[in-house]
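Student: Here are the chains, one letter per residue:
There are 2 protein chains.
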Amino acid sequence: MIQKYRFGTPIETCAVIKELPVTEEKLPFFEISSKKENTEFVYKMADKDIVYGLGEQVRGINKRGWIYKSCNADDPHHQEDTKSLYGSHNFLLLSGEELFGVFFDYAGTVTYDVGYTHRDTLRITPEDWNLDVYVITGECEKDIVKQFRKLIGRSYIAPMWAFGYGQSRWGYKDAKDIRKVAAEYRKRNIPLDSIYMDIDYMERYKDFTIDEDAFPEFETFCAEMKEQGIHLVPIIDAGVKIEEGYDVYEEGVKNDYFCKDAKGKDFVGAVWPGRVYFPDFLKPETRTWFGEKYAFLLEKGVDGFWNDMNEPAIFYTEERLASVMERISELSKENLDVDSYFEFTGLVAGIGNNVGDYDTFFHEIDGKKVSHSKVHNLYGYNMTKAAGEAFEKLSPEKRILMFSRSSYIGAHRYGGIWQGDNKSWWSHLLMNLQMMPSLNMAGFLYTGADVGGFGSDTMEDLMLRWLQLAVFTPLMRNHSSRGTREQELYRFDNCDTCKKMIEIRYGLIPYLYSEYMKAVLSDEMMFRPLAFDFPKDAAARGVEDQLLLGNELMIAPVYTQNSTGRYVYLPEEMMLVRMRSLSDYETQVLVAGHHYVKAELDELVFFIRKDKAIPIGATAINTERLDAGTLKLFGYAGATYDLYEDDGYTKAYDLDSCIREIV
Amino acid sequence: MIQKYRFGTPIETCAVIKELPVTEEKLPFFEISSKKENTEFVYKMADKDIVYGLGEQVRGINKRGWIYKSCNADDPHHQEDTKSLYGSHNFLLLSGEELFGVFFDYAGTVTYDVGYTHRDTLRITPEDWNLDVYVITGECEKDIVKQFRKLIGRSYIAPMWAFGYGQSRWGYKDAKDIRKVAAEYRKRNIPLDSIYMDIDYMERYKDFTIDEDAFPEFETFCAEMKEQGIHLVPIIDAGVKIEEGYDVYEEGVKNDYFCKDAKGKDFVGAVWPGRVYFPDFLKPETRTWFGEKYAFLLEKGVDGFWNDMNEPAIFYTEERLASVMERISELSKENLDVDSYFEFTGLVAGIGNNVGDYDTFFHEIDGKKVSHSKVHNLYGYNMTKAAGEAFEKLSPEKRILMFSRSSYIGAHRYGGIWQGDNKSWWSHLLMNLQMMPSLNMAGFLYTGADVGGFGSDTMEDLMLRWLQLAVFTPLMRNHSSRGTREQELYRFDNCDTCKKMIEIRYGLIPYLYSEYMKAVLSDEMMFRPLAFDFPKDAAARGVEDQLLLGNELMIAPVYTQNSTGRYVYLPEEMMLVRMRSLSDYETQVLVAGHHYVKAELDELVFFIRKDKAIPIGATAINTERLDAGTLKLFGYAGATYDLYEDDGYTKAYDLDSCIREIV
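Quick mapping for you: the protein sequence lines, in order, are chains A and B.
Heads up: the first sequence begins at 700 in the numbering used here, then just goes up one per residue.
Heads up: the second sequence begins at 700 in the numbering used here, then just goes up one per residue.
These are calculated hints, taken from the structure and not from any lab test.
Don't take every hint at face value.
Copies of one chain are not kept apart here, so a pair can be met inside one copy or by any two copies together.
[Claimed, not checked] Taking lysine-lysine pairs in the BS3-like style, the calculated list, with each CA pair at most 30 Å apart, reads: (1) K743 x K1198; (2) K1297 x K1235; (3) K845 x K743; (4) K1032 x K964; (5) K1198 x K717; (6) K849 x K875; (7) K1309 x K1235; (8) K999 x K768; (9) K725 x K953; (10) K747 x K992; (11) K1309 x K1297; (12) K1068 x K1331; (13) K879 x K747.
Given only the sequences and the hints, what does the whole structure look like? Please build it.
Tutor: And the structure:
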């Protein structure tokens, strides 16, 4: 059951698709506690209560023990004490003495003290008191999530090719570089479906332009790649370069599509192109206009995009830069003592992505001027909505790949997300796993992290272990930053093992796609904590580094360096699979309980649940070449599998008609 | 066997105390490979080889899979891709196909590519080719370490009271604050031996001064604390404030004790006091002079110190600050585009601790001018040596507590080290454990990390779990930074459980001190990887989160949040101890192999090795009150223990005469 509670006059977020009546009853579970500074929702937690949810956040599956903040942030250096990442997903699921879900539908900043200040106290503080709260009760964790997912509407569906392996790097500066990447993969017969184009492809970082010197005859280049079975997936950034004669800029200014400053002038920030205006994506007419701009690339043969820098990331605002420069000029005349030195370095470190700037620019909502700080978390969401709504018109038949960095619940209907700029850290490999279920709860099913890590220098063993997780995630993209070690798979001594992992991925795609589509079309989770299926199992409730995948698998990747195995908890009997390639593997049935499982660097380990089987097919050079005729059941003898199968490209998806039993 | 190889004309480090002849034979194990840019030592590693060592560094006990750099760095934000920490300890131990230790005795920067670029290649690159290399072969890992430790000389011995619990925070601004801390501990009967005094106690951060307003009649205050059984332990920083009339400054200038700039003038850097000169600790006369300054505090009743900021940390050099300011002034006239924006923020971020500055100041060694960059890693070491040598004269009978942030091998003879400024991160709790054996190899036995974490905000459960590791480390200091959550134990709801952990510590001190003294006096390791005692056990060789402690214990603390247990590998039968207080515990004999062991937040878990027992005594309010009469054997029935016992205060330590058997 879902009950809706309203406080004050909320700003509409469109996160929810069902119009529920507002109940006048007292909010259950929470005390509302008022202090001088703020009003808070307070819940007393029992010792063994688990707090699931919060979507894209650092730390464990169980969020207890830290403070989180819903305030979308561009933070590529995030670590375990980071409070905000790229998306805000205000859904929590309490499991323990009580069992309920709660969604705080609120466009501004919300702080979650999940047993940080006091271990037994959950304290939720929205920045003001205008919000809708949905409380969901149900039979079990899965039931509550399903109710919530139905409330927020069906998740975006990616094309089948987006389940292929993708290669990306900030730094492929021209068509030659990309041709080289394609050739290196094809030469080695490593499966590949897509190459991503980071900001380098644009003319001076202007959205919906192509650098003609670097990418002459882009349409032909696109076709050339398609012929090799490779989709090009360009990036689109939020900021629009201020440049006379640039159509996007000119149209935006003329039609008042941009965010305004306090004086009502177009607000100036700076991102990659230098000074930019930010489209006011909260205005429907801005969305329509910006969305149609994607046609520029669609018409050239592109059928996938990633929206980036849409928290929005702001390198500096004109105003703050000017004031910092002025203060530095004063300080430079003094002999910097320790206080003034830290003031100086602090000022400069605080220029970029300064939350204080969110009060200095404005959106127009229903004709009213609204401070960005009040709707900050909706910005990237509405950029993705602009694209998603446009694709419905521009490509009514064919699915277009779309995923975004920034998001809010609601954005899941228009695109996936990737887990944002991360690092080549072992801890971020584990975080990739831990974030999957919380994102699934929030409706984001097409997701994954930058495999191998975006920032910092990767290692061959980290890449291999990361591939062994990413083999299972819908988005499987190897992405890295300019200035870091190159990490295309052919850069590694052990490229052959990498290749085998990719081949296994392609063998698994029919299953993964099937479970993804079933989860999307049934409003369920593809990745679940063990306790969602074994809620009474105290050991399962504590597991933070294994996940159930679909209805047949459990995954338990190795995420520590120099390990040749790991501990795994089996809540029931399962079949261990240790796979070096699609043709080289062992299986072993293990009893329920704790096990130490060997997993050398070249061994992918996963588990098939009791009496289940999954279809595995032959690999192929890309998803288009996958042959359903090669599918064979793998797992317990006698088990069957209901395969969801559609064309993977059009929108003719349907749960009832697309299932066939494999025996 | 130890062989000494010499390349070029090394700068003397005094790391080694034995004069070995230089052998003319070819260096074994390593290829010397010359490339255009540099010459390197190259070793081909087998797949299962383990690389131990490198002392104070991030990542695992097995260092394979990353690049490390010996270049002492003040990096309080270190994470898994950090290359340098506060100390440089150029000792490695290869265990696998071959078994040998190697020490690169070199005062400059050394880079260790331990299978990062190529998984099978260890590549060591000193910045120039003037160094001594010691190659040590032996029967086993422990034997090689023992030979190395004999080569570098006996480790510093801390007073017994330094095994008590210590409370510290940057931010106790006056005697009142410190009295309050003492009172809060004493009121609750939480054992406490020391309170640390961070930079706040000095008069404008000037070494060997006391802020008379904040600490009037310091000598009396010291006595007052001593009466409560509490030692005050002040910090000493490396930089000397430039201030007319300040005796340390005046004497240093007059006698030429400071480092020089390129023009031969006293070199100006900036640290806490603003502009400072750095004592040239590499000059014996500077050391003598600076060391004697500690008398100022010794005479007031202080008997312990920590040397800090001695990498040295440099907030800015006058030269770099001026050039940055000049460039900013130019940039501020331009419209900052993306390139110039990143230049601007990069310049400012690079002002502090810039390695490039190490070429701009100089030491005098044997009358010759030597660039700081050539001897950078010796700086903190020689500051500690200054103190250690002085204490021999100033306090010939009584042991003085001394530990340092920066170090090099050799410094271990004059003081301990703490593991430097860390964070309130679960990953840093694990790192605390992982660093213990590598520091022990390098001679640092009196060591530990800032319990609860120095930077960032701690959590009650992190503090409890950290205490459960620190219960075993010689240095057990709770320390935190100004601006973070207060973390004295009485700040937590669950203070009583914290107290019980401290009481357990005091019950264990007789054993811990005994094992520490045995390790020091026998040149052995107090903390060892499992594989050092079980070298043939493949599972033991992979364990990264358990340690052997002394000859009787194995520790396996919980280091992940919300866990109520963990997996443990037992290389042999052991007795599990689950202890909630000195009087509330269970024991259980577990067979060799893998186990999942429950450990609730209030439960300290450790293991007693087969047929061993340890003495545990009653707790006391401080170490002075510990009563050897209360000691009882705890562990396997029939086992006995050889207790090392001395007065803990004087230097009358002796392995033969101080052992008594406990039955």
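Student: Evaluate each hint against the coordinates.
Tutor: Here is what the structure says about each hint:
no.: 1; hint: K743 x K1198; verdict: between (50 Å within a copy, 25 Å between copies)
no.: 2; hint: K1297 x K1235; verdict: both (28 Å within a copy, 18 Å between copies)
no.: 3; hint: K845 x K743; verdict: within (25 Å within a copy, 54 Å between copies)
no.: 4; hint: K1032 x K964; verdict: between (34 Å within a copy, 23 Å between copies)
no.: 5; hint: K1198 x K717; verdict: neither (45 Å within a copy, 53 Å between copies)
no.: 6; hint: K849 x K875; verdict: neither (46 Å within a copy, 60 Å between copies)
no.: 7; hint: K1309 x K1235; verdict: within (18 Å within a copy, 36 Å between copies)
no.: 8; hint: K999 x K768; verdict: neither (41 Å within a copy, 49 Å between copies)
no.: 9; hint: K725 x K953; verdict: neither (49 Å within a copy, 78 Å between copies)
no.: 10; hint: K747 x K992; verdict: neither (51 Å within a copy, 55 Å between copies)
no.: 11; hint: K1309 x K1297; verdict: both (20 Å within a copy, 27 Å between copies)
no.: 12; hint: K1068 x K1331; verdict: neither (59 Å within a copy, 75 Å between copies)
no.: 13; hint: K879 x K747; verdict: neither (54 Å within a copy, 35 Å between copies)
Figure legend: structure checked against the earlier numbered hints; hints not met, in rising order: 5, 6, 8, 9, 10, 12 and 13.
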